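Go by the hints and put chains H, W and D onto chain V.
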Amino acid sequence: MTPQEIAALITERFGSRILESKPDAINPWSAVEPAAILEVSQFLRADDRLSMDHLELLGGVDYKDRIEVVYVLYSMKHRHRYTLKCRLPREAPVIHTVESVWAVANWHEREAYDMFGIVFDGHSDLRRILCPDDWEGYPLRKDYKAPKSYRDMPV
Amino acid sequence: MESIARLLQFIPRYDALPGIVRALLPVLVSCVVIFAALAIAVLFAVWLERKVSAHIQDRLGPMYVGGWHGWAQTLADALKLLLKEDIVPASADRLLYKMAPFIVFLGAFAAFVVVPFGASSFVSDLNIGVLYIVAVGSLSVIGIIMAGWASNNKYSLYGGMRAAAQIISYEIPSTIAIMTVIIPVGSLSMVDIVNAQKGGIQHWFLFRNPFIFLAFIVYFIASLAEVNRTPFDIPEAESELVAGYHTEYSGMRFAFFFLAEYANMFLVASVATTLFLGGWTQIIPASIVPQLVPGPILFFLKVLVIIFLQMWLRWSLPRLRVDQLMYLSWKVLLPISLVLVLSVGWLAVYW
Amino acid sequence: MLNYFKNLGLGSVTVLKSMGVAWRHLFTRSVTLQYPTEKWTMPERSRARLFNKIEDCIGCGQCVRACPTNCITIKTEKRGKDEPEIFASDGTAIKLRTLTYDIDMALCCYCGLCTFSCPTHCLTMTGEYEYSVYDKDEHIYHFAEDKLATSKAPKEKVEIA
Amino acid sequence: MEVDYSGDVMTLNMGPQHPSTHGVLRLELKTDGEIVADAIPHIGYLHRCFEKHVENVDYPAVVPYTDRMDYCAAMNMELGYVLAVEKLMGIQVNNRVRCIRIIMAELDRIASHLIAAGTYGNDIGSFTPFLWCFRDRETILDLFEETCGARLLYNYNWIGGLMYDLKPGFEKRLIEFIDYFEPQVDKLNTLLSDNYIFIKRTAAVGILSPETAISYGVTGPNLRGSGVKFDVRKDEPYLGYQDIDFEIPVGKGEYGPLGSCWDRYMVRIREVKESCKIIRQAVAQLTPGDVHESIPKRVKPPAGDIYMRTECPRGELGYYIVSDGSLKPYRLKVKSPCFTVMSAFREVSRGTMISDVVAILGSFDIVLGEIDR
Chain V
1 MTPQEIAALI TERFGSRILE SKPDAINPWS AVEPAAILEV SQFLRADDRL SMDHLELLGG
61 VDYKDRIEVV YVLYSMKHRH RYTLKCRLPR EAPVIHTVES VWAVANWHER EAYDMFGIVF
121 DGHSDLRRIL CPDDWEGYPL RKDYKAPKSY RDMPV
Chain H
1001 MESIARLLQF IPRYDALPGI VRALLPVLVS CVVIFAALAI AVLFAVWLER KVSAHIQDRL
1061 GPMYVGGWHG WAQTLADALK LLLKEDIVPA SADRLLYKMA PFIVFLGAFA AFVVVPFGAS
1121 SFVSDLNIGV LYIVAVGSLS VIGIIMAGWA SNNKYSLYGG MRAAAQIISY EIPSTIAIMT
1181 VIIPVGSLSM VDIVNAQKGG IQHWFLFRNP FIFLAFIVYF IASLAEVNRT PFDIPEAESE
1241 LVAGYHTEYS GMRFAFFFLA EYANMFLVAS VATTLFLGGW TQIIPASIVP QLVPGPILFF
1301 LKVLVIIFLQ MWLRWSLPRL RVDQLMYLSW KVLLPISLVL VLSVGWLAVY W
Chain W
2001 MLNYFKNLGL GSVTVLKSMG VAWRHLFTRS VTLQYPTEKW TMPERSRARL FNKIEDCIGC
2061 GQCVRACPTN CITIKTEKRG KDEPEIFASD GTAIKLRTLT YDIDMALCCY CGLCTFSCPT
2121 HCLTMTGEYE YSVYDKDEHI YHFAEDKLAT SKAPKEKVEI A
Chain D
3001 MEVDYSGDVM TLNMGPQHPS THGVLRLELK TDGEIVADAI PHIGYLHRCF EKHVENVDYP
3061 AVVPYTDRMD YCAAMNMELG YVLAVEKLMG IQVNNRVRCI RIIMAELDRI ASHLIAAGTY
3121 GNDIGSFTPF LWCFRDRETI LDLFEETCGA RLLYNYNWIG GLMYDLKPGF EKRLIEFIDY
3181 FEPQVDKLNT LLSDNYIFIK RTAAVGILSP ETAISYGVTG PNLRGSGVKF DVRKDEPYLG
3241 YQDIDFEIPV GKGEYGPLGS CWDRYMVRIR EVKESCKIIR QAVAQLTPGD VHESIPKRVK
3301 PPAGDIYMRT ECPRGELGYY IVSDGSLKPY RLKVKSPCFT VMSAFREVSR GTMISDVVAI
3361 LGSFDIVLGE IDR
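Protein chains in written order, with the numbering used here: chain V, 1 to 155; chain H, 1001 to 1351; chain W, 2001 to 2161; chain D, 3001 to 3373.
Chain V on its own, in the form it takes in the complex (with noise of 0.2 Å):
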């Protein structure tokens, strides 16, 4: 299916909850209501047209005024990709959890949630991942200063 096809079928199917598409865009998007993202997660990977059932990238982008977590999809069968983003309040972040669609999500949210504070609702396990469990701060904010010690270490 190409990009088009695929906004067009998720338009139709969700309709205003799909806030923006992008289908000829170097990367084809659409911009998701945060609300919508597991119906919309669930439609992709189940619906036959589509089947995405490979996950390849979840990660957070902070842009100042909001911060957006990006869903790169690729189906395996119908050897397609469509990103999906999903637009969130910077103060508090916060958006269901994909886990139980692509297993996978469970590391990628973890670690969105350890550089930007992304609270996934519903994860199983939303523990920091890269940073020690008790780091301050999220590292890929943009406004995020480096502290200058943690734990009387020097950083």
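No wet-lab data here; the hints were simulated from the structure.
Fair warning: this is a prediction, and the values are worked out from it, not measured in the lab.
Using N, Cα and C, we set each Cβ at its ideal position, and we do this for glycine too.
Keep in mind that the hints are not guaranteed to be accurate.
As the list claims (entries may be wrong) - Calculated lysine-lysine pairs in the DSSO-like style (CA-CA distance at most 30 Å, straight line):
| id | chain 1 | residue 1 | chain 2 | residue 2 |
| --- | --- | --- | --- | --- |
| 1 | V | 145 | W | 2095 |
| 2 | D | 3277 | V | 77 |
| 3 | V | 142 | D | 3234 |
| 4 | D | 3087 | D | 3234 |
| 5 | D | 3328 | V | 77 |
| 6 | D | 3328 | V | 64 |
| 7 | D | 3172 | W | 2039 |
| 8 | V | 148 | W | 2075 |
| 9 | D | 3297 | W | 2095 |
| 10 | V | 142 | D | 3297 |
| 11 | V | 22 | D | 3328 |
Said to hold, decoys possible - Chain D residues, not near chain H, derived (Cβ > 12 Å throughout):
| id | residue |
| --- | --- |
| 12 | 3029 |
| 13 | 3046 |
| 14 | 3068 |
| 15 | 3071 |
| 16 | 3119 |
| 17 | 3123 |
| 18 | 3135 |
| 19 | 3152 |
| 20 | 3185 |
| 21 | 3197 |
| 22 | 3201 |
| 23 | 3252 |
| 24 | 3254 |
| 25 | 3297 |
Leaving out everything else, chains H, W and D in the frame of chain V:
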């Protein structure tokens, strides 16, 4: 020991010494002689191991210390180990921890008492020599469990437990394989066994009949496991248990473990030589070629061949898993060795 | 039962095969170098220690901007109008006097980006790779010092290699 | 294996310093005797804020940082990044650059798989294959060094071109090496891969079913070991891989269930041979040209985002780059193949033995530099 006692007669005024000294001195001297010979042999074996491994792996190995092909490298390493700090973990069982390496070494060391290196160079000719070797040789497992337990380290404990299971399992096929030799000789004395093989290569038990040949292979495999060599080195499996039971040891105590490992290799190789390869006896019958090479040297050469075989195997094979190890012992070697004993016995009765 | 013997046979045969391969390798030539006595000649493009031919340096600071790890520190000042004009060996006029040119080799990531950005090709990576030191500070190489030597009293210890 | 885990379990910390965790990985093993009831990986010991770092350096200077992710296959790491930026900027490279990139990427794949195979032998307890593999890898590194001056962290692929052109005579030495190398693979197979002990240790251990693998986002040789024919070089060709004739080896499960450690290991060994094939074809396609031709003076991509993926030796390597039109990347997120495969580790290793945990970990062929970034 008799020959040593005879040599001691040359000490001036030997007969004037107190009786207790005269009784103990030959024992002490023979201990020292065996220990020295063993230490030198071990140093050589370590060097050989490094060279064999290096050449199999397209390397050269140690090349600097001592000049010719780094012959003094292990000597330097041994000195380094002796000078290193002897670390005892804070929560270790100190007494057991300190004793363990010596007990491991004791097992290997004491067994050499009955090994006949030459026609008259042996400490003692016990009439239950083989039994004694089997019994004393398994002493090391106690030391290994002690080391594993006392280190207070989970890896060491795993190593100790694995070693116990492995060594005890493999004692059985190896002992049964030894029985195939005892049946035709009819004696447990090592000296008698060697004497029964005198007269050249065709009299060696290895080539006497095919069953004993197979028994030799069984014994060789089982002995590899008994001395924790690859492919049976699971007690010290480097990639799983770091270093197994001697993970926490350093300095001299570690050196003793090292010494014991190679001494054990020498022990099983000596036993294999004595039982299957005719011990110190000549390869070619004396009637064809005069016996130029002294017995002890011939014995040592034969031992070296077996040790080389052990090294060669070590550097070409991967390691077994614990359950596969047990499978090999109980389901492969044990049945085979039992069949072999029965066959040899059948031959002895009906031939 | 058949399987048992098949496995036994397969095991023995493959073990012997492995040993055979290992045996042949016992007699192949070794491929290692005996390092301190034998040394490998480094290819000309080798990227090891940085070297700055300070006479050609125009103090432009391109290398500082290119460096991903900020291991180069430059301090320059304008040369006076009355001073005689000097040129780098490729003819570029040197308008700035390089007061400090320090490279911290402990920070260097050996990417070579600085050498490509250098307009006069005075900053090069040499094939020199044996320069371990006991103190981390000794890894800071002061290249500009001999240029200063004319104005200041000569230092006793010159750390340039 | 059906095991009852009702007994007491002991926690055994494997790593971060352990001979076979391939770096600084910590495994929290819940063991019941020799059997591992649960294995929880803890990562992050090598975390060095790669993604934060690169937000502060300009685009060309990111390349040395990408080298340091997967230091065993640095050429492929930088290739993915460079291709992503080139695609974002719309740069076309000439044929010579394309062919050299293929040659280097495949050589690096061989080098990386040699490490994988060698260390895997080491994990299983056979030390000799390790050094044999390193001996051949050393020749590859020599080729790299004479071309770009570095042996491990190359910084060779630049945005729009290459650091240096090949040296005269490189092709000849390369073909000589390939001719020498191909029989060595068979030798390695005799010594290790076909050895019965090795097969017993690895086949039927660590079964990763295709469904689990896809769900956990496992890619590369690990996925192909489970029998899924997926290779980015074929499915989404870059660098003109579509013009090159090569096979994608997949696991067949010769000695046990599909998706075992042996299958994964063997996929790598077979891939090495395919890489040799690719290199021969790429050398034949080499044409003269200037490798610096399309290097831009200033790398300033237009605002936008891009996801570019390449097949690195450990799987599908994806770079998600967000550009805000400045000289520095606004955000760079790496989809690391080892990271995803490591998340499947707990699933795979449950109920195996301690020795199997090592075997499974080795068969995944992880590089901690890439997991932790």
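Inset, instruction - Could you work out which earlier hints the structure fails to respect and list their numbers in ascending sequence? - result: 1, 3, 5, 12, 16, 17, 18, 21, 22
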